[in-house]
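Colleague: Sequence:
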Amino acid sequence: MINPELFELSRFLIQQLHRPYQRYLMEQNPFSARCTILTGSRGVGKTTCIVQHLVANDPNYEESEKSLYLPADHFLVEKTSLYELARNFVHHGGTLLCFDEVHKYPKWSRDLKSIVDTFPNLRLIISGSSMLHLHRGTHDLSRRAIVKKLAGFSFREFLELRLGIKLASLSLKQILRHHEKETPAIVKKLTSKKKMILREFQRYLASGYYPYSQNYKDLLTFQMTLQQGMHTTLESDLLALYPSLTGTSVARLKRLLAAISESVPFTPDLTRLRKLLHIADDRTLKEYLQYLEDAELIMTLHRHGKKLRAMEKPDKIYLGDPNQHLALSSKDRTNHGTLRETFFCRTISTQHEIRAAERGDFLIDDTFLIEVGGQSKGHQQIMGKKNSFLALDDLPVGSGNRVPLWLFGFLY
Numbered sequence: 035m036i037n038p039e040l041f042e043l044s045r046f047l048i049q050q051l052h053r054p055y056q057r058y059l060m061e062q063n064p065f066s067a068r069c070t071i072l073t074g075s076r077g078v079g080k081t082t083c084i085v086q087h088l089v090a091n092d093p094n095y096e097e098s099e100k101s102l103y104l105p106a107d108h109f110l111v112e113k114t115s116l117y118e119l120a121r122n123f124v125h126h127g128g129t130l131l132c133f134d135e136v137h138k139y140p141k142w143s144r145d146l147k148s149i150v151d152t153f154p155n156l157r158l159i160i161s162g163s164s165m166l167h168l169h170r171g172t173h174d175l176s177r178r179a180i181v182k183k184l185a186g187f188s189f190r191e192f193l194e195l196r197l198g199i200k201l202a203s204l205s206l207k208q209i210l211r212h213h214e215k216e217t218p219a220i221v222k223k224l225t226s227k228k229k230m231i232l233r234e235f236q237r238y239l240a241s242g243y244y245p246y247s248q249n250y251k252d253l254l255t256f257q258m259t260l261q262q263g264m265h266t267t268l269e270s271d272l273l274a275l276y277p278s279l280t281g282t283s284v285a286r287l288k289r290l291l292a293a294i295s296e297s298v299p300f301t302p303d304l305t306r307l308r309k310l311l312h313i314a315d316d317r318t319l320k321e322y323l324q325y326l327e328d329a330e331l332i333m334t335l336h337r338h339g340k341k342l343r344a345m346e347k348p349d350k351i352y353l354g355d356p357n358q359h360l361a362l363s364s365k366d367r368t369n370h371g372t373l374r375e376t377f378f379c380r381t382i383s384t385q386h387e388i389r390a391a392e393r394g395d396f397l398i399d400d401t402f403l404i405e406v407g408g409q410s411k412g413h414q415q416i417m418g419k420k421n422s423f424l425a426l427d428d429l430p431v432g433s434g435n436r437v438p439l440w441l442f443g444f445l446y
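According to the numbering used here, the sequence shown is numbered sequentially starting from 35.
Calculated directly from the structure, the hints in this document are not laboratory data. Hints are supplied without guarantee of correctness; some may be wrong.
[Claimed, not checked] With a straight-line cut-off of 30 Å between C-alpha atoms, the simulated BS3-like cross-links for lysine-lysine are:
1) LYS100 <-> LYS141
2) LYS350 <-> LYS309
3) LYS141 <-> LYS320
4) LYS347 <-> LYS288
5) LYS309 <-> LYS320
6) LYS215 <-> LYS227
7) LYS251 <-> LYS200
[Said to hold, decoys possible] Here are the computed distance ranges between Cβ atoms for each label pair:
8) ASN94 <-> ASP316: 54 to 60 Å
9) LEU273 <-> LYS420: 44 to 50 Å
10) HIS265 <-> LEU51: 21 to 27 Å
Cβ coordinates follow ideal geometry from the N, Cα and C atoms, glycine included.
Using the sequences and the hints given, assemble the complete structure.
Modeller: Next comes the structure, spelled out in structure tokens:
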């Protein structure tokens, strides 16, 4: 028999966590599979998406016992296994079971595999850290679950929620080829709200990537919360998924992140980093970089399309997103050029393949060459190159191949 306190907990949390604004992912019917795992970094809104789907699927959830939302690390949940909880729920007539933060449950992959195999009429929605990999658990879930990844707010989403307006997303080709047509209408819509597009973009770079930033009135408090979240990712989430890591390993990861934050975009000198962290071999160091990238605390770029998973040294390393960049930088050493590139790299990487370019800054989908800079940036780096563009900050409306940087924030 299922504990009635679980339904009480579920209903209470749904009421507390439900928000009206719908993220880009919700337009893609993300939870149609029997088992869906939603991953993403801490604070990007995974819980909100799950709760929204549950409410839409079961509007009568306050009285119904067909749906159940539970944090996997809640003490009421920890009293029994996830499998036993699911079995009791199904026998009670339940059809939709949502587990949040499943990576905090020690035997998550074993129990989820058993649940999917045993109860064919039960739909499962799971959220977990961006570091959660289906094949790294004790049981392979890759053939049983669909994984969806949620990014933080796009600039478009930030504007929609902040200003209460509707704005359409744009494809990369629309942005590059038709920006002269698209930007005036967007700027006009903001002007009607007495807002300036460039000023709003600066707000977004500082605190707009994380939906929860809307809860804080001052930037400093948000940045302190973001820093605490980054530490929690290393000290709690990482250890939950990689229990073989030690306190010494976590301390080294923190020092590595600090070293990267002091000089982004960071061009790795593996020998210097090994000495700094007292690591004997390159392989361990590259594994540490992989941990940070999986946690979305950094982004790595390669010139030849090689991934860090192939144990190749990256050509450039950025912090995970522009909000992290500013939160870890003191005001007197904030590099605005790097901030622009961090925004561009994070935004593009949610939808497209991006790598470091031989000439210019970035190569997208092996087709489009992009140089990122300020309004006065020239064409010298990309002169004569086919499909080359300038992505320029401080530019409300562009012309030709001079594209406003902020417009790339409309990709999703």
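Colleague: Going straight from one Cα to the other, do LYS309 and LYS320 come out at no more than 30 Å?
Modeller: 14 Å, holds
Colleague: Within 54 to 60 Å: is that where the Cβ-Cβ distance between ASN94 and ASP316 falls?
Modeller: Roughly 57 Å apart at Cβ, these two residues keep to the hinted range, so it holds.
Colleague: Could you grab the alpha-carbon distance between LYS251 and LYS200 and see if it respects the 30 Å cut-off?
Modeller: 23 Å, holds
Colleague: Below or equal to 30 Å on CA atoms is what counts here, so check LYS100 against LYS141.
Modeller: Holds: LYS100 and LYS141 sit about 25 Å apart, inside 30 Å.
Colleague: LYS347 and LYS288: Cα distance at most 30 Å?
Modeller: With a Cα-Cα distance of about 20 Å, the restraint between LYS347 and LYS288 holds, given a limit of 30 Å.
Colleague: Check whether the Cα positions of LYS141 and LYS320 lie no farther apart than 30 Å.
Modeller: 27 Å, holds
Colleague: When you take the CB atoms of HIS265 and LEU51, is the distance between them in 21 to 27 Å?
Modeller: Between HIS265 and LEU51, where Cβ atoms are some 23 Å apart, the hint holds.
Colleague: Going straight from one Cα to the other, do LYS215 and LYS227 come out at no more than 30 Å?
Modeller: 20 Å, holds
Colleague: Indicate whether the distance between the beta carbons of LEU273 and LYS420 respects the range 44 to 50 Å.
Modeller: 48 Å, holds
Colleague: Quickly compare the C-alpha distance for LYS350 and LYS309 to 30 Å and report which way the hint goes.
Modeller: With a Cα-Cα distance of about 20 Å, the restraint between LYS350 and LYS309 holds, given a limit of 30 Å.
In summary, this structure violates none of the numbered hints.
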